[in-house]
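In order, the protein sequence lines correspond to chains A, B and C.
Note that my numbering numbers the first sequence so that position 158 is 299, with each residue one more than the last.
Note that my numbering numbers the second sequence so that position 149 is 290, with each residue one more than the last.
Note that my numbering numbers the third sequence so that position 115 is 256, with each residue one more than the last.
Since the hints were derived computationally from the structure, they do not count as laboratory data.
Certain hints may be false.
Note that identical chains are pooled: a pair holds if it fits in a single copy or bridges any two copies.
[Claimed, not checked] Heads up, simulated BS3-like pairs for lysine-lysine below, C-alpha to C-alpha not over 30 Å straight-line: (1) K151 with K375; (2) K297 with K221; (3) K151 with K221; (4) K238 with K297; (5) K238 with K221; (6) K354 with K193; (7) K297 with K375.
Here the structure is a predicted model, which is why all the values come from computation and not from measurement.
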Amino acid sequence: MFNTWENIRKNAPLIHHITNYVTVNDVANITLACGASPVMADDAAEAAEITKLATGLCLNIGTLNGRTIPAMLSAARQAKELNHPVVLDPVGAGATKLRTQTALDILQTGSVTCVRGNISEIKTLIHGTGNTKGVDAAAVDSVTEENLASSCAFAKQAAQQLNTIVAITGAIDLVADTKNCYIIRHPEMSRITGTGCQCSALVASCIAANATKPLEAAAVAVMAMGLAGEIAHKHLLPHEGNATYRNRIIDTICHLTAEELNKGAKYEIC
Amino acid sequence: MFNTWENIRKNAPLIHHITNYVTVNDVANITLACGASPVMADDAAEAAEITKLATGLCLNIGTLNGRTIPAMLSAARQAKELNHPVVLDPVGAGATKLRTQTALDILQTGSVTCVRGNISEIKTLIHGTGNTKGVDAAAVDSVTEENLASSCAFAKQAAQQLNTIVAITGAIDLVADTKNCYIIRHPEMSRITGTGCQCSALVASCIAANATKPLEAAAVAVMAMGLAGEIAHKHLLPHEGNATYRNRIIDTICHLTAEELNKGAKYEIC
Amino acid sequence: MFNTWENIRKNAPLIHHITNYVTVNDVANITLACGASPVMADDAAEAAEITKLATGLCLNIGTLNGRTIPAMLSAARQAKELNHPVVLDPVGAGATKLRTQTALDILQTGSVTCVRGNISEIKTLIHGTGNTKGVDAAAVDSVTEENLASSCAFAKQAAQQLNTIVAITGAIDLVADTKNCYIIRHPEMSRITGTGCQCSALVASCIAANATKPLEAAAVAVMAMGLAGEIAHKHLLPHEGNATYRNRIIDTICHLTAEELNKGAKYEIC
Numbered sequence: 142m143f144n145t146w147e148n149i150r151k152n153a154p155l156i157h158h159i160t161n162y163v164t165v166n167d168v169a170n171i172t173l174a175c176g177a178s179p180v181m182a183d184d185a186a187e188a189a190e191i192t193k194l195a196t197g198l199c200l201n202i203g204t205l206n207g208r209t210i211p212a213m214l215s216a217a218r219q220a221k222e223l224n225h226p227v228v229l230d231p232v233g234a235g236a237t238k239l240r241t242q243t244a245l246d247i248l249q250t251g252s253v254t255c256v257r258g259n260i261s262e263i264k265t266l267i268h269g270t271g272n273t274k275g276v277d278a279a280a281v282d283s284v285t286e287e288n289l290a291s292s293c294a295f296a297k298q299a300a301q302q303l304n305t306i307v308a309i310t311g312a313i314d315l316v317a318d319t320k321n322c323y324i325i326r327h328p329e330m331s332r333i334t335g336t337g338c339q340c341s342a343l344v345a346s347c348i349a350a351n352a353t354k355p356l357e358a359a360a361v362a363v364m365a366m367g368l369a370g371e372i373a374h375k376h377l378l379p380h381e382g383n384a385t386y387r388n389r390i391i392d393t394i395c396h397l398t399a400e401e402l403n404k405g406a407k408y409e410i411c
Numbered sequence: 142m143f144n145t146w147e148n149i150r151k152n153a154p155l156i157h158h159i160t161n162y163v164t165v166n167d168v169a170n171i172t173l174a175c176g177a178s179p180v181m182a183d184d185a186a187e188a189a190e191i192t193k194l195a196t197g198l199c200l201n202i203g204t205l206n207g208r209t210i211p212a213m214l215s216a217a218r219q220a221k222e223l224n225h226p227v228v229l230d231p232v233g234a235g236a237t238k239l240r241t242q243t244a245l246d247i248l249q250t251g252s253v254t255c256v257r258g259n260i261s262e263i264k265t266l267i268h269g270t271g272n273t274k275g276v277d278a279a280a281v282d283s284v285t286e287e288n289l290a291s292s293c294a295f296a297k298q299a300a301q302q303l304n305t306i307v308a309i310t311g312a313i314d315l316v317a318d319t320k321n322c323y324i325i326r327h328p329e330m331s332r333i334t335g336t337g338c339q340c341s342a343l344v345a346s347c348i349a350a351n352a353t354k355p356l357e358a359a360a361v362a363v364m365a366m367g368l369a370g371e372i373a374h375k376h377l378l379p380h381e382g383n384a385t386y387r388n389r390i391i392d393t394i395c396h397l398t399a400e401e402l403n404k405g406a407k408y409e410i411c
Numbered sequence: 142m143f144n145t146w147e148n149i150r151k152n153a154p155l156i157h158h159i160t161n162y163v164t165v166n167d168v169a170n171i172t173l174a175c176g177a178s179p180v181m182a183d184d185a186a187e188a189a190e191i192t193k194l195a196t197g198l199c200l201n202i203g204t205l206n207g208r209t210i211p212a213m214l215s216a217a218r219q220a221k222e223l224n225h226p227v228v229l230d231p232v233g234a235g236a237t238k239l240r241t242q243t244a245l246d247i248l249q250t251g252s253v254t255c256v257r258g259n260i261s262e263i264k265t266l267i268h269g270t271g272n273t274k275g276v277d278a279a280a281v282d283s284v285t286e287e288n289l290a291s292s293c294a295f296a297k298q299a300a301q302q303l304n305t306i307v308a309i310t311g312a313i314d315l316v317a318d319t320k321n322c323y324i325i326r327h328p329e330m331s332r333i334t335g336t337g338c339q340c341s342a343l344v345a346s347c348i349a350a351n352a353t354k355p356l357e358a359a360a361v362a363v364m365a366m367g368l369a370g371e372i373a374h375k376h377l378l379p380h381e382g383n384a385t386y387r388n389r390i391i392d393t394i395c396h397l398t399a400e401e402l403n404k405g406a407k408y409e410i411c
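Isolated chain A, as found in the complex (with noise of 0.2 Å):
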């Protein structure tokens, strides 16, 4: 299965993002860490013009406006058209009415292969409301060891329901499709901007070089971002904190080999 990570240095895909001003860096940085390539274009005049370049895209709402959306629904469509995996990151939605009905329209072109999300934006585009506060899930959804198999049910049927994989990030990470689901376990990363766009990425870039097992490809990037959390963490120094600890995941992942990954991932099937 972690040949899958190999594949995105093998194949370096080159991935269009249509992301928010806050993660973008970090979103590159990433991308290129993991052996992809990032390209970053949000104005509707080129936006399907750029997806034609590249091998898959990957769209984030974080900080979406009536300018990209228009661009991300043209760049959705044009890799329809071609085929090329969609990773879908629903940043708040929940949140306000134009999260989700942006993350709703996205879904409806039929293009995504791969929705990223926390449970309460996830939630949101299942049950159309959500309790999403601000960009983080609430409390209340969170998956647990308590709820695992009724969680584990909730990530096949969204994923049946949104006709997507569905990859729901947290403190126990849920990666499934209709018939499996991946329960990932790892040390809670909170407090770092960004760790869900860079999972994105990841997703998009794993997706991207491994097109026919995008299961499998989805939920080794979750794991490689869970375990590089670990892994940097253990290299920071105790008066490094959340601006340095970002910095070492980007750098972790750099160096992250399918070995490691195989060594280090603790992952279920359910």
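Based on the hints, put chains B and C in the right spot on chain A.
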């Protein structure tokens, strides 16, 4: 007084930032570092809705444009209606008509709790014109030991005229309402992008967590920024420069305690 | 020649950047690191006014859009009127019609002093079409030891045709006017986001501080970037990767002296 700092971690306020894209990542990370949560949303179609979800609003006009100005005004009006604290960072007021006018328009909403800027920007808001050069204060305007009494008087007068708390940062920081002015000394932090923007984010976080004591909260946030600059500087290796320094400041905020602030902050009140 | 480098710190020019949001923070920090001052403003309502305040203009089309293109043209025209140096970074020219056309439109203003791009981007500007793939140069276009003579001839011809200095960066860098071409060798810096953008910022800063010697200034800036990449690489620990490397390059620029440049830069003129 320094329990205001602890209250950020205790209350973990969600801060809505409409800010510039130059320092937005640093702003997000320092907001997390101090114990608050950031959410960025700058389109008028959702700005007020996000403001409603948040506890505080931080408006920074560093890269203002025709799309984000209406979003800022809409968010400011919503915050006023809900009595949420609002921090305005009038980046470059005085440099262009658009910046000066936008800062004044935001102040005109009557929502602003605290204006955090350099001395040239604040002088522009008071006198209509200033010596702003790019985004830096003009040397001629600087607060110095020599002009400290008149600078404090100016800060209090500005607080009166703007009907807000005024935080003027530079070589010496002044944080004033109409009656009291905190004078805060610290080694100068120049040549790093966005320490002003980050300071505004800390002020917004601290005021949002201490709604009944906005002057103390603003002063403590400014002290925290200054002390973090001092501590972070000690951790720099000889070959490290402004890029690492920037990360070290955020790292330091991540670990900074009320006790350290109490010991390290150098201030007087006049 | 290397006093051009010292002149940046001596003259501390204010550089107006209209640039992409991916690398904008790095661009701001490297501008500060070399001794210049950055100001970002990308709305047509204020762009020309900011250009007037600044000493140099740096236009980067990395995430161009319908709002920023008019701002770039307005700033370029203002700079021409004031005879301020202008650097154009035609990111992704050749990848989309919008990028190629915008780069040509900016050149058409007659304001551009220096174009800094990769070889595919420059070929696009000369031949109308190119092999640009995303934002990276195509391997087929690369400047190598084998094609060095013809590459130098191309650089000079491009300088003639565009009526600007041309800085082509890659595994080997070429900086040319119509008569002379600097050939600059350094270890390759790939897999970091935005070294090209940062290089353009250095070129703009160095030319703005040395208005009468733009070719030398551009060449020295390109040498500084290459040498910084080399020095920074030596400071990397085994577990550090592209995120830390990026910071180390800016840190290195922060400390780089004319003397070190004089010793370390590997160049010839043809």
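**Prompt:** Checking against the hints above, which ones are violated?
**Reply:** Hint 7 is the one this structure does not satisfy, whereas the remaining hints hold.
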